[in-house]
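Student: Here is what each chain is made of, one letter per residue.
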Amino acid sequence: MLDLKVSKTVDARGAFCPGPLMELIGSMKTEPVGSVIEILSSDHGSAKDIPEWIGKVGHEYIGTEQKEGYWSIVVKKAK
Amino acid sequence: MGKRILILGGGTGGTIVANLLARGLRTEMRRGDVTVNMLSASDKHVYQPAFLYVAFGRMQDDEFIRDQKSLLDPLINFYVDPAVKINTDKQSVLAKSGKEYPYDYLVIATGSRIVPEEIPGLKEGAHWFYDLEGAKKLRTALKAFQGGRIVMAVGIPHKCPVAPLEMTFMLDDLFSQNGLKNKYEIYYTYPIGRVHAMEPVAHWAVKAFEQRGIKYETFFNMKKIDPVKKQIHSEEGSIVDYDLLIAVPPHKGQPVIEDSNLGTSGWIPTNKKNLKMDGQENVFVVGDTTNIPISKAGSTAHFEADTVAESLICQIKEGCPGRDYDGKVFCFVETGLEKGTYVWFNYNTPPNPGEPSQMIHWFKLAYNRLYWLSARGIL
Ligand SMILES: Cc1cc2nc3c(=O)[nH]c(=O)nc-3n(C[C@H](O)[C@H](O)[C@H](O)COP(=O)(O)OP(=O)(O)OC[C@H]3O[C@@H](n4cnc5c(N)ncnc54)[C@H](O)[C@@H]3O)c2cc1C
Numbered sequence: 677m678l679d680l681k682v683s684k685t686v687d688a689r690g691a692f693c694p695g696p697l698m699e700l701i702g703s704m705k706t707e708p709v710g711s712v713i714e715i716l717s718s719d720h721g722s723a724k725d726i727p728e729w730i731g732k733v734g735h736e737y738i739g740t741e742q743k744e745g746y747w748s749i750v751v752k753k754a755k
Numbered sequence: 106m107g108k109r110i111l112i113l114g115g116g117t118g119g120t121i122v123a124n125l126l127a128r129g130l131r132t133e134m135r136r137g138d139v140t141v142n143m144l145s146a147s148d149k150h151v152y153q154p155a156f157l158y159v160a161f162g163r164m165q166d167d168e169f170i171r172d173q174k175s176l177l178d179p180l181i182n183f184y185v186d187p188a189v190k191i192n193t194d195k196q197s198v199l200a201k202s203g204k205e206y207p208y209d210y211l212v213i214a215t216g217s218r219i220v221p222e223e224i225p226g227l228k229e230g231a232h233w234f235y236d237l238e239g240a241k242k243l244r245t246a247l248k249a250f251q252g253g254r255i256v257m258a259v260g261i262p263h264k265c266p267v268a269p270l271e272m273t274f275m276l277d278d279l280f281s282q283n284g285l286k287n288k289y290e291i292y293y294t295y296p297i298g299r300v301h302a303m304e305p306v307a308h309w310a311v312k313a314f315e316q317r318g319i320k321y322e323t324f325f326n327m328k329k330i331d332p333v334k335k336q337i338h339s340e341e342g343s344i345v346d347y348d349l350l351i352a353v354p355p356h357k358g359q360p361v362i363e364d365s366n367l368g369t370s371g372w373i374p375t376n377k378k379n380l381k382m383d384g385q386e387n388v389f390v391v392g393d394t395t396n397i398p399i400s401k402a403g404s405t406a407h408f409e410a411d412t413v414a415e416s417l418i419c420q421i422k423e424g425c426p427g428r429d430y431d432g433k434v435f436c437f438v439e440t441g442l443e444k445g446t447y448v449w450f451n452y453n454t455p456p457n458p459g460e461p462s463q464m465i466h467w468f469k470l471a472y473n474r475l476y477w478l479s480a481r482g483i484l
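Chains as they are written, first to last, in the working numbering: chain A, 677 to 755; chain B, 106 to 484.
No lab work stands behind these hints, which were simulated from the structure alone.
A few of these clues could be false.
To be verified - Derived DEER-like restraints, expressed as beta-carbon distance ranges: (1) A:A754 / B:N182: 49 to 57 angstroms; (2) B:Q420 / A:A754: 41 to 49 angstroms; (3) B:S462 / A:E744: 34 to 42 angstroms; (4) A:T685 / B:V189: 29 to 37 angstroms; (5) A:E744 / B:K288: 33 to 41 angstroms.
Glycine included, every Cβ here is placed at the ideal spot set by N, Cα and C.
Next comes chain B alone, as it looks inside the complex (with noise of 0.2 angstroms):
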């Protein structure tokens, strides 16, 4: 019998898995040596960073939602049958349908989801951008908004972490320019004592916000909010009051995961190095859903996934043990509706933004349709 491929997850880490896999063992799998298959939760494919544009009316949804079959290469089965309990003791996936699918291995790439349920009041006080429901409810709040107090807070964990500041720039440029000017405050708030995780980048941020006068608070956790006196209250002990509240909900992996007892909160713990999951030779873990102390983002989804395919091809073909992932990061930052920079690392080289220019700008915006051939395991 061939070897057998089970992916699980059709994002941006599985489905670069499963094409550059498609792509490397096509001989393979044409001979019916080895079989790749995936499921999913979804029959459709979204490209997340498209949600900050959605909030400001500048991204449509045929422009980043696609049908996940017409992304993958047609040697691989693709199922629409989420995964419920992964048992690698058995080396075999249970489905939402009854059906299991057993496996030679396994790559798990389910991501994350955003929990506002964990803060109280943040479901019925605070607007987000972390889900297309919620983008497209705040961009209608955006728009009916006259002025007043907007309160940007960050929770602990999430994916994207550069997004909280992206929102707040744009925010500042939408509303300087639509006729608000010194009718709106903008107050930041961030969990650790800077504003923001990257230490050159909260040096650049907090400059940027002093030119353009917005305030921030670090050391700041979201404990509850209180919808009808519109207050944040921190574990801090600090109350901050909001006329409209922008929050990054708290993520979690997938239920799936911590329903087989294979991670705490949902995220596995995960090799930094080979993207084994601990204690499993035939299992990666691709994405936001590994435990590794690394900002969640496609970027990363993309790079672990690149590691992760040419591992398997390599372990397939030759028997050779494959790569390791250096902890290579870049996100791209928009500095506001016009400008952009980006910063990369990897576990061993530290960030270092560059200065804001339109070009970078223009390249994000470029990089928003090309997303499409990284999918495909193309660029």
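Excised from the complex, chain A in its bound form (with noise of 0.2 angstroms):
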């Protein structure tokens, strides 16, 4: 996971509305297939939604680490 190189990282800690995965969606649509995409949230429910989300979409989950009160989750845009 770390040695991929992101290409961007939305910073939704703290986003109660509307929060990590409407952000990660909104920036899935603007960035371009293969980039790799970094969102961190400190919100629980979101750390599971997002995977579920990626899984469901078919695009690339990389991973998630949870770090001091709060994960990253990393994503590749692969459609």
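Two chains, each in its own frame: build the complex with the hints.
Tutor: Structure representation (structure tokens):
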């Protein structure tokens, strides 16, 4: 996970609304295919929802790292 | 030469900043030490939350549209001359008329716009209430509705995140009371894994959906609409049939932002605390057009405007750095045609909606009229 070059980091910590997954979906639309996006989230629900959504839509889930008080979730835009 | 403050946008954020500056810097403006110029795309000021009520025939144009000039302190110079290029190196803005407006401080508050064309078939197959024309078309469609399946589908990103829920509850009240009971079904779709972005609101809304018999599907992002077959295809692979589709189209910032290379999709990278555009000491960003991961709402624009005006006044009068925005957002939530609740939150405090009541609904109706005091920087 750490070897991949992150093209964009979205810091959605403390974002109660619209929240990390909405921010990620919005960012995925504007980034080119192949880009690696890291989302920082302090919301427990999103740490579960983001990988689930990635799986449903068919992007590539790279991984989640729990840091101090937040999660770093990395995904690759596949299509 | 005096300090020149240029404000782009005469909507909620821009108007509040301008009026607060005129109050806080009155002496300096009278002396000619400070000038405040505002450029906007229209001579009218539209209170957009009214569109929700327009769709139900509950608000008329003259209640929510005013002449912009009538809302501005006379010390502010107002021009209907939309910005076409913002040049931060030259500290100047080129407007549609060809005129250049130089500035010492710039406030960008050009808002957001719907882009239904981003989803194939949406323009042809859907109604919406996120602009005035759409709200009026929807008003006609709701009046003519004889029953069937109404789908409320939510696109990303969008302003006023509670509006789709409000629409859903208001529709259910309307049709359960006007003789269509048992002849309609409401189907609500939402992009993420719960029915609303705010977790506590989602918990509460799901219970209300279940009580009312409103069906819903989560993880649903509109991919395309087939207006002939009346079907919505989602990015996640499901297909939903509709008789009447009400969508929240995706949004973008104004073209001038991308045309000036200030931010992808018209969202300007902005410091979430001091509200300065990244890398620019003298450019502030207010309202929908920031890229801050926070609700795009009038209340956000309002609280940000308070912060920016105070920072500018402080800086110009005393050379002090100004204060930070704490992420405060306050939204009324209509939970039907007769009741409402509200949520507020900031960067550190999560939202916690209270029990809906008639009183809060009435307060929202009252605020629809009090808004003009907010725009004037009084409330
Ligand atoms: C249906 C609906 C319901 C809503 N309900 C609520 C609610 O209940 N509560 C709430 O808080 N918010 C609500 N909102 C959201 C709220 O209206 C917006 O978030 C708010 O108006 C944003 O303020 P702003 O100053 O960023 O932009 P706006 O108020 O949209 O103003 C933008 C201004 O910029 C001008 N402009 C555009 N292009 C240019 C240019 N190139 N140069 C110069 N000027 C330009 C426009 O003419 C306009 O005057 C609702 C919105 C909708 C559509």
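Student: Between E744 of chain A and K288 of chain B, does the C-beta distance stay in 33 to 41 angstroms?
Tutor: For E744 of chain A and K288 of chain B the Cβ distance comes to about 55 angstroms; the hint is violated.
Student: Is it true that T685 of chain A and V189 of chain B lie within 29 to 37 angstroms of each other by Cβ?
Tutor: For T685 of chain A and V189 of chain B the Cβ distance comes to about 31 angstroms; the hint holds.
Student: Within 41 to 49 angstroms: is that where the Cβ-Cβ distance between Q420 of chain B and A754 of chain A falls?
Tutor: Because 47 angstroms falls inside the window, the suggested range holds.
Student: With 34 to 42 angstroms as the target window, see if S462 of chain B and E744 of chain A comply at their CB atoms.
Tutor: Because 41 angstroms falls inside the window, the suggested range holds.
Student: Check the following: the C-beta atoms of A754 of chain A and N182 of chain B are separated by a distance inside 49 to 57 angstroms.
Tutor: Since A754 of chain A and N182 of chain B have Cβ atoms about 51 angstroms apart, the given range 49 to 57 angstroms holds.
Violation of the numbered hints given earlier is confined to hint 5; every other hint is satisfied by the structure.
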